[in-house]
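Colleague: Sequence:
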Amino acid sequence: MSIDRLTPGSQTSLREANRARVVNAVQQRGALTQVELAGVTGLSPATVSNIVKELTAAGVLATSPTSRSGRRAQQVTLARTLGLVGGVHFSSRTLRVALADTSGRTVAEQRMPLAPDHRADIGLDRVALLLEEMLEQVEATRDELLRVGVGVAAPIDQADGRVTTRGLLRGWDGVRVADVLGEQLAVPIDVDNDANLGALAESRQGAAREFRDVVYIRVSNGVGAGLVLGGRVHHGRSGAAGEIGHSTIDENGPVCRCGNRGCLEMYVASHALLAMLEPTHGTLSMQGVLDRAAAGDLGCVRVLEDSGRHLGVAVANLCNLVDPEIVVVGGQVAAAGELLLEPLRASLARRAVPSDEGPVPVVPAEFGTQSELRGAVLLALENVEIARGGPR
1309 MSIDRLTPGS QTSLREANRA RVVNAVQQRG ALTQVELAGV TGLSPATVSN IVKELTAAGV
1369 LATSPTSRSG RRAQQVTLAR TLGLVGGVHF SSRTLRVALA DTSGRTVAEQ RMPLAPDHRA
1429 DIGLDRVALL LEEMLEQVEA TRDELLRVGV GVAAPIDQAD GRVTTRGLLR GWDGVRVADV
1489 LGEQLAVPID VDNDANLGAL AESRQGAARE FRDVVYIRVS NGVGAGLVLG GRVHHGRSGA
1549 AGEIGHSTID ENGPVCRCGN RGCLEMYVAS HALLAMLEPT HGTLSMQGVL DRAAAGDLGC
1609 VRVLEDSGRH LGVAVANLCN LVDPEIVVVG GQVAAAGELL LEPLRASLAR RAVPSDEGPV
1669 PVVPAEFGTQ SELRGAVLLA LENVEIARGG PR
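Numbering (the working numbering), first residue to last: 1309 to 1700.
Read the hints as simulated data drawn from the structure, not as lab findings.
Warning: the hint list may mix true and false statements.
To be verified - Taking lysine to any residue pairs in the SDA-like style, the calculated list, with each CA pair at most 20 Å apart, reads:
no., residue 1, residue 2
1, Lys-1361, Arg-1380
2, Lys-1361, Leu-1390
3, Lys-1361, Val-1348
4, Lys-1361, Arg-1323
5, Lys-1361, Glu-1344
6, Lys-1361, Ala-1333
7, Lys-1361, Gln-1383
8, Lys-1361, Thr-1402
9, Lys-1361, Thr-1320
10, Lys-1361, Ser-1377
11, Lys-1361, Val-1415
Model the full assembly from the supplied sequences, consistent with the hints where possible.
Modeller: So this is what it looks like as structure tokens:
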């Protein structure tokens, strides 16, 4: 139940509402001190202290000593005995699967390559098998798996977990991911676009955790944006909000997989950068490009800087529409660091509407290429129903 919908009533209802506030805050943030919990929930330190004691005794929360600014404090997390959640990230070429406890701590993780045109049924079968193996690895039973969050590199309908846009992820058109995987695992499945999950992770626990209006840009083999507006992920009508990779850069440019010409993705995604370099550098991996650029290879430096400039144009257009407090850039290409970010910032500053607040800050993702997987875990955690426990 949403705390915002609770109506003030009996003392018991108020206590339940306050306990729910504390648990929800810990679910979203992963770990907080009691002082931080008071600030996040709006409750008094004494009330937070009493609730934490009650819920720790009930086995819902756990505490451990820590320090903040040189002072001793009590860190509060969800109790790790409550169960486990799964996180899954399907990018265009890689599958990552993680198993985490309810405090958000990863207890097992696996990664495997995917064929360029892998089929959804094969990929989801692999997820089910990997999760089974990982549960055995940590000596857990199937009953301890509470929920699984899944990130897919395509727009997702939030009503039914269905891939809504055809051609963006071959082999996945129209697939109801939540139904297919839910039937195999017999647990609730939450599905979202992978850039949205990157945005969720970075805004809840990462580089943008102090902000409520956030743009997250994922730049890998594909390009996407996740929008967090007013503290919530914005999905749009069909889950396609933030498909920045398919905004037009040049209407006479190369044909994109979406069927349009001159999409941003055709100029900044990793596959496009590798194609640009092939005539002069031969066959390279994206990591090879990053390594050569760091060593001063002029061709590799040039394609990364050009990529940053193109991104800056698209990000400026997006910022003019939603006016975010911060832009976070993640994904494999973002590992280029300032080679990508400096020209992005310059291009953004030239094209965004001037503000008395100054240019929108642009920062690298705190979780690097793990943002989407971490967001998948967090999505599952935020939707787990955890008993509030404690005396009534």
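Colleague: None of the hints should be skipped; say for each whether it holds.
Modeller: Results of checking the hints against the structure:
{"no.": "1", "hint": "Lys-1361 <-> Arg-1380", "in the structure": "holds, 18 Å"}
{"no.": "2", "hint": "Lys-1361 <-> Leu-1390", "in the structure": "holds, 17 Å"}
{"no.": "3", "hint": "Lys-1361 <-> Val-1348", "in the structure": "holds, 18 Å"}
{"no.": "4", "hint": "Lys-1361 <-> Arg-1323", "in the structure": "holds, 13 Å"}
{"no.": "5", "hint": "Lys-1361 <-> Glu-1344", "in the structure": "holds, 16 Å"}
{"no.": "6", "hint": "Lys-1361 <-> Ala-1333", "in the structure": "holds, 16 Å"}
{"no.": "7", "hint": "Lys-1361 <-> Gln-1383", "in the structure": "holds, 12 Å"}
{"no.": "8", "hint": "Lys-1361 <-> Thr-1402", "in the structure": "violated, 43 Å"}
{"no.": "9", "hint": "Lys-1361 <-> Thr-1320", "in the structure": "holds, 17 Å"}
{"no.": "10", "hint": "Lys-1361 <-> Ser-1377", "in the structure": "violated, 24 Å"}
{"no.": "11", "hint": "Lys-1361 <-> Val-1415", "in the structure": "violated, 26 Å"}
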